[in-house]
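Chemist: Listed below, chain by chain, are the residues.
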Amino acid sequence: MLRYFIKRTGSLVLSLAVASLIIFTVIEIAPGDPASFMLGLNAQPETLAALRSELGLDVPKVQRYLAWTGGMLTGDFGTSYTYRTPVSQMVADRIGVSLPLALYALALAIVIAIPAGVFAAGRHGRVADTGVMGATQLGVAVPNFWFAMMLVLVFAIQWRWFPAGGFPGWDKGLGAAVHALTLPAIALALPQAAILTRVMRSSLLEVMGEDFMRTARAKGLSRRQTIWRHGLRNAFIPVLTIIGLQFSFLFAGTIIIEQVFYLPGLGRLIFQSISARDLIVVESVVMLVVFAVIMINFIVDLAYAAVDPRLRSRT
Amino acid sequence: MSLLQIRDLTVRIGDTLVLDRISLQVAPGEILALTGESGSGKSMTALAVMQLLPQGAGISGEITLSGEKLTGMDEAALCRLRGRDIGMVFQEPMTALNPVQTIGAQVAESIRLHEGTGPAEAARRAAHLLDRVGLPAEKFPLTRYPHELSGGQRQRVVIAMAIALRPKLLIADEPTTALDVTTQAQILDLLKGLAREYDTGLIMITHDLAVVSQIADRIAVMKDGQIVETAPTPQLLAERKHPYTRMLFAASAHRVSLPDVPPGPPLLRISEVSRSYAGARQGLFARAAPTRAVRNVSLDIRRGERVGLVGESGCGKSTLTRAILGLDRVDSGTITLDGTPVLHDGRPDRAIRRRLQVVFQDPFGSFNPRHTVGRLITEPCFLQETQMSAARRREATAAALTDVGLQPGDAERYIHEFSGGQRQRIAIARALILRPDLIIFDEAVSALDVSVRARILDLLADLCRTYELTWLFISHDLSVVRTVADRVLVMQAGEIVEQGPTETVFRNPSHSCTKELLAAAPVLNLPPAESELRV
Amino acid sequence: MNRQLVSGLCLSGFFILLAVLSLVWTPFDHTALNIPDKLKPPGGVHLLGTDHLGRDILSMVMVGARTSVAVALLALAIGLILGVPLGLAAAARRGSWLDEFIMRGNDIVFAFPLLVMAILITAVFGPSAVNAIIAFGIFNIPVFARVTRGAALPLWEREFILAAQVAGKGTARISVEHILPNVSNMLIVQGTIQFALGIQVEAALSFVGLGVQPPTPSLGRMLADAQTLVTLAPHLAIVPGVAIILIVLGLNLAGDGLRDQLDPRLRRLRT
Numbered sequence: 000m001l002r003y004f005i006k007r008t009g010s011l012v013l014s015l016a017v018a019s020l021i022i023f024t025v026i027e028i029a030p031g032d033p034a035s036f037m038l039g040l041n042a043q044p045e046t047l048a049a050l051r052s053e054l055g056l057d058v059p060k061v062q063r064y065l066a067w068t069g070g071m072l073t074g075d076f077g078t079s080y081t082y083r084t085p086v087s088q089m090v091a092d093r094i095g096v097s098l099p100l101a102l103y104a105l106a107l108a109i110v111i112a113i114p115a116g117v118f119a120a121g122r123h124g125r126v127a128d129t130g131v132m133g134a135t136q137l138g139v140a141v142p143n144f145w146f147a148m149m150l151v152l153v154f155a156i157q158w159r160w161f162p163a164g165g166f167p168g169w170d171k172g173l174g175a176a177v178h179a180l181t182l183p184a185i186a187l188a189l190p191q192a193a194i195l196t197r198v199m200r201s202s203l204l205e206v207m208g209e210d211f212m213r214t215a216r217a218k219g220l221s222r223r224q225t226i227w228r229h230g231l232r233n234a235f236i237p238v239l240t241i242i243g244l245q246f247s248f249l250f251a252g253t254i255i256i257e258q259v260f261y262l263p264g265l266g267r268l269i270f271q272s273i274s275a276r277d278l279i280v281v282e283s284v285v286m287l288v289v290f291a292v293i294m295i296n297f298i299v300d301l302a303y304a305a306v307d308p309r310l311r312s313r314t
Numbered sequence: 000m001s002l003l004q005i006r007d008l009t010v011r012i013g014d015t016l017v018l019d020r021i022s023l024q025v026a027p028g029e030i031l032a033l034t035g036e037s038g039s040g041k042s043m044t045a046l047a048v049m050q051l052l053p054q055g056a057g058i059s060g061e062i063t064l065s066g067e068k069l070t071g072m073d074e075a076a077l078c079r080l081r082g083r084d085i086g087m088v089f090q091e092p093m094t095a096l097n098p099v100q101t102i103g104a105q106v107a108e109s110i111r112l113h114e115g116t117g118p119a120e121a122a123r124r125a126a127h128l129l130d131r132v133g134l135p136a137e138k139f140p141l142t143r144y145p146h147e148l149s150g151g152q153r154q155r156v157v158i159a160m161a162i163a164l165r166p167k168l169l170i171a172d173e174p175t176t177a178l179d180v181t182t183q184a185q186i187l188d189l190l191k192g193l194a195r196e197y198d199t200g201l202i203m204i205t206h207d208l209a210v211v212s213q214i215a216d217r218i219a220v221m222k223d224g225q226i227v228e229t230a231p232t233p234q235l236l237a238e239r240k241h242p243y244t245r246m247l248f249a250a251s252a253h254r255v256s257l258p259d260v261p262p263g264p265p266l267l268r269i270s271e272v273s274r275s276y277a278g279a280r281q282g283l284f285a286r287a288a289p290t291r292a293v294r295n296v297s298l299d300i301r302r303g304e305r306v307g308l309v310g311e312s313g314c315g316k317s318t319l320t321r322a323i324l325g326l327d328r329v330d331s332g333t334i335t336l337d338g339t340p341v342l343h344d345g346r347p348d349r350a351i352r353r354r355l356q357v358v359f360q361d362p363f364g365s366f367n368p369r370h371t372v373g374r375l376i377t378e379p380c381f382l383q384e385t386q387m388s389a390a391r392r393r394e395a396t397a398a399a400l401t402d403v404g405l406q407p408g409d410a411e412r413y414i415h416e417f418s419g420g421q422r423q424r425i426a427i428a429r430a431l432i433l434r435p436d437l438i439i440f441d442e443a444v445s446a447l448d449v450s451v452r453a454r455i456l457d458l459l460a461d462l463c464r465t466y467e468l469t470w471l472f473i474s475h476d477l478s479v480v481r482t483v484a485d486r487v488l489v490m491q492a493g494e495i496v497e498q499g500p501t502e503t504v505f506r507n508p509s510h511s512c513t514k515e516l517l518a519a520a521p522v523l524n525l526p527p528a529e530s531e532l533r534v
Numbered sequence: 000m001n002r003q004l005v006s007g008l009c010l011s012g013f014f015i016l017l018a019v020l021s022l023v024w025t026p027f028d029h030t031a032l033n034i035p036d037k038l039k040p041p042g043g044v045h046l047l048g049t050d051h052l053g054r055d056i057l058s059m060v061m062v063g064a065r066t067s068v069a070v071a072l073l074a075l076a077i078g079l080i081l082g083v084p085l086g087l088a089a090a091a092r093r094g095s096w097l098d099e100f101i102m103r104g105n106d107i108v109f110a111f112p113l114l115v116m117a118i119l120i121t122a123v124f125g126p127s128a129v130n131a132i133i134a135f136g137i138f139n140i141p142v143f144a145r146v147t148r149g150a151a152l153p154l155w156e157r158e159f160i161l162a163a164q165v166a167g168k169g170t171a172r173i174s175v176e177h178i179l180p181n182v183s184n185m186l187i188v189q190g191t192i193q194f195a196l197g198i199q200v201e202a203a204l205s206f207v208g209l210g211v212q213p214p215t216p217s218l219g220r221m222l223a224d225a226q227t228l229v230t231l232a233p234h235l236a237i238v239p240g241v242a243i244i245l246i247v248l249g250l251n252l253a254g255d256g257l258r259d260q261l262d263p264r265l266r267r268l269r270t
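Chains as they are written, first to last, in numbering that gives the first Met the number 0: chain S, 0 to 314; chain U, 0 to 534; chain L, 0 to 270.
The following block holds chain S by itself, in its conformation from the complex:
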């Protein structure tokens, strides 16, 4: 188990290092100098040089990379070129919207998908199964941002149950904040729930064909008991992988959904920064998202070991 943990941690660190290097390199080859962009066309060479040194643009690239990653590790994300405020502060404000939204959506997706998948697998080949499968087929095809627009049209404009957009902030109370995030979370969650339902169902069906399920039936367990006691835990192994992948999808997906609901999250920040060519913000937010994805996959790997004893004893 310890060996497994150490190995996973090693690959986690390596992945983070490589990913940061890629992000840094890509941003480096971006055309244009942030300093001259900020000062406009008529900037004096001296002011330009002063700003460049203030932004830390005049030191060698290797040193800059090390300074950037080193800073990230201590929570210092640098200073925004446009707003001249610490990036970490800007990110901290925005992530308070994006991360809860992604988690809310993931929770919704799991709560819908697991029972639906188990239900469909248990009624394999019957009308209920066909119905669930048809619904998921449709759910997979619906783009989440379009679904968001339709939700706004119906629940915000027609029936006025939910706000059409905006975010009151967490200081206005948990209820109001959750209320504002509900439509976006549903829009994000439903297509993912459709995918997860299908994975859950097929994984369980696969497990139901295994020899050990027949052994369990021969012991005297009913069909339902066999599924709950022996099927589910085995069926969860591929489902975990998908949940891990879905988190990264949902986290990135908030970037689009925020556009529909005018939410002040990371997505809005990143688009503002792109148009302002505030690349240090783009760089840091991208790194943050990638970090989150890698961390989630790391956690999923550990969860595997909890579910599957075969992994614990292997290297």
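These aren't lab readings, by the way, just hints derived from the structure by calculation.
Don't be surprised by glycine CBs; every beta carbon is placed ideally from N, CA and C.
Incorrect hints may appear among the rest.
Stated by the list, open to error - A short list of chain U residues far from chain L (calculated; beta carbon distances all over 12 Å): (1) D84; (2) R123; (3) G263; (4) R481.
Stated by the list, open to error - Some chain L residues close to chain S (C-beta under 7 Å, calculated; not the full set): (5) I107; (6) P112; (7) V123; (8) V229; (9) L248.
Stated by the list, open to error - Between beta-carbon pairs, the in silico distance windows are: (10) U:Q383 / S:E27: 52 to 58 Å; (11) L:L72 / U:P53: 40 to 46 Å; (12) L:I80 / S:R122: 38 to 44 Å; (13) L:I80 / S:G124: 53 to 59 Å; (14) L:L72 / S:E27: 29 to 35 Å; (15) S:H178 / L:V175: 56 to 62 Å; (16) S:F4 / L:L72: 40 to 46 Å; (17) U:T333 / L:A171: 27 to 33 Å; (18) U:R328 / S:G208: 39 to 45 Å; (19) U:M72 / S:W227: 19 to 25 Å; (20) S:G124 / L:A171: 41 to 47 Å; (21) L:V175 / U:A136: 50 to 56 Å; (22) L:I80 / U:K138: 52 to 58 Å.
The hints should help you fit chains U and L onto chain S, whose structure is shown.
Modeler: Relative to chain S, chains U and L alone:
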């Protein structure tokens, strides 16, 4: 009074009739063997008794267990009965256990489910059961997971689960088919002992007539969903009334006569070959000790000689085969064919490889499903210096197919259109097409039904007469090796522990390992007068 | 052929035909402005209505579908051309440093969510349809590499590969002659899935301004334009949205149907 009574049991799946008016009885403490070739309906009978037939199966007739009617019983009542009154052991020990639960939990589950026992008491009884089936708690604690056990040990766990509540009836479906002979002997002893001790009726399903004749009190022979003959074991062995029974027993005991060929000059020379594999990584720098798959093996095969190689799984047979074929390097020692090494600086010598061919075990996995038979059997032609013309190639293909008893027209067909036995013929055609000096048969008849196997062995003997073949026949099945080899080698833990003329080794084994192997292998002894019958 | 496959092919085929047809004919010029006829609801001369500039929506959907299909197909080609050989190589050298290197590389690419990749590329090169293709193309590479490797690994354990080795064939030749034909089923199925995903990705990227740029119409751009007008004229959002759903639904159905058709073992699972 009989324990299990099956009357006119008929099962259909879709339009196929899988069981046709089966009638059977089993008495308490009696061991009934249900035998027949694949597809005869043996396993279906077991599933019908368990009332675990696949969905959509239509069933008629009557099954009663100590007077209680199982057919038409409601599901809840059946669940109470399964595991308590009827236990079942399956063929594949590697997959029959839940991989994410400890063996203790799985054995205890049967007890807790039926008797509502508390966890501690159930665990205590599980430990006792595992001890009874030969897995003492000191060496095999309840917290072990299935993947930490060998196939034989897992089968013991499955048996412990099945007998946990001392069922009146135990069904064992090919329980030893996936196991080595020595393990098989132990498992059979265990099952027999348990049946006697608990006065449990045992239905033993197996295709292996030697096993049947050793363990069963009574035998039922099945064919195409029907029971063609049933009688107490000694009587059935002596009489063999039904033609199919006669054919089955004759095929099991089938011997071929190889032509006498005076051995020529040495062809394959293996001298002091060793091969080990790196051990599993343990931590950053440490590794487990390397496994020595083959240790200091030396052997010669002369031209015209038919050599057999026997040994249990993991004894190094496949490593040696790969090394002879030049697919894998060796750590030390040399392998030469006619004086030329099979590997030159780690690269195979094409001229040598042309003279070596192989026939594999799996009639389903050894062909690319997307190529025609013609393309499949001419694959070795890739090794020729100059490629054959299309016409020449067609001729060679037709000749090779005719040699193995197929039609030249079969070259245009795809492999899925052929049965297991026909596929093995195609594999032999592929091996023969370049007229190699040496053919390796790697468990080549192990996956076949006995009647098909008998015909393939006949084919090999015929081909041997026509082409004076030299072969190395690798098998775990001693009875097969005995009939196709002039000389036999016994391998254990990477070493050749004994070799000599086949009959000498089989009659007077000198090494303890050979003795053990021969003692464990079930033998089919038929009354002599009857065994004269040919297939 | 099964019902799923037929209905899927019909549905997606219909839209692909419309897209191709737009090369030679559309009911109206999709760029022609006609302010007096703006925001007409569906029905009448303009079958699916007009947008805020009076442009014919049916014509725009036809041309937009063409753009979306082209983006998805080109990205698919990038993924296949680079991903499949990588997967074959990793499987052929399974367990070696090469395999490890390819798979680690895949993991790194997977760590970049698609949208983040598109954002990075856009941040550097500016938004364009080509960059959307590159972003999704890069995303497709590890997808196909994994599918290929995953399907090829069990094949390498099969005896017919051993038979080919005994026949003196090298790793590369075996990969092409024996492995590739046997993984092609999986690739076709995965290909339809990635094609469908490509349609959605194009829409999403264009919706947030990272993909196709004006004046080229695309289904995603139409939705972006519709966002501010959706309360006034819901059909502006509904029509392109339904078009996307139907194309994707058709492709996914076809993919599932194909999988059932090609792999009898999976037929009973119907995933």
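Chemist: If a hint holds in the structure, say so; if it doesn't, say that too.
Modeler: Hint check results:
1. D84: 31 Å, holds
2. R123: The claim holds: U:R123 sits with its nearest Cβ about 41 Å from chain L, beyond 12 Å.
3. G263: Its Cβ never comes within 12 Å of chain L, the nearest being 24 Å, so this holds.
4. R481: Answer for U:R481: holds, closest chain L Cβ roughly 25 Å.
5. I107: 5 Å, holds
6. P112: Holds, about 3 Å.
7. V123: 4 Å, holds
8. V229: 6 Å, holds
9. L248: Interface hint status for L:L248: holds (4 Å vs cutoff 7 Å).
10. U:Q383 / S:E27: 52 to 58 Å: Holds - the Cβ-Cβ distance for U:Q383 and S:E27, about 57 Å, lies within 52 to 58 Å.
11. L:L72 / U:P53: 40 to 46 Å: Given a distance of about 43 Å, which is inside 40 to 46 Å, the answer is holds.
12. L:I80 / S:R122: 38 to 44 Å: Holds, since L:I80 and S:R122 (Cβ atoms, about 42 Å apart) stay within the stated range.
13. L:I80 / S:G124: 53 to 59 Å: At roughly 39 Å between Cβ atoms, S:G124 and L:I80 fall outside 53 to 59 Å, so the hint is violated.
14. L:L72 / S:E27: 29 to 35 Å: Taking Cβ atoms as reference, L:L72 and S:E27 lie about 32 Å apart, which means the hint holds.
15. S:H178 / L:V175: 56 to 62 Å: Roughly 59 Å apart at Cβ, these two residues keep to the hinted range, so it holds.
16. S:F4 / L:L72: 40 to 46 Å: At 43 Å between Cβs, range holds.
17. U:T333 / L:A171: 27 to 33 Å: 29 Å, holds
18. U:R328 / S:G208: 39 to 45 Å: Since the Cβ atoms of U:R328 and S:G208 sit about 40 Å apart, the hinted range of 39 to 45 Å holds.
19. U:M72 / S:W227: 19 to 25 Å: Holds - the Cβ-Cβ distance for U:M72 and S:W227, about 23 Å, lies within 19 to 25 Å.
20. S:G124 / L:A171: 41 to 47 Å: Cβ of S:G124 to Cβ of L:A171: about 44 Å, so the range 41 to 47 Å holds.
21. L:V175 / U:A136: 50 to 56 Å: 55 Å, holds
22. L:I80 / U:K138: 52 to 58 Å: Cβ of L:I80 to Cβ of U:K138: about 55 Å, so the range 52 to 58 Å holds.
Hint compliance for this structure: hint 13 is the single one not met.
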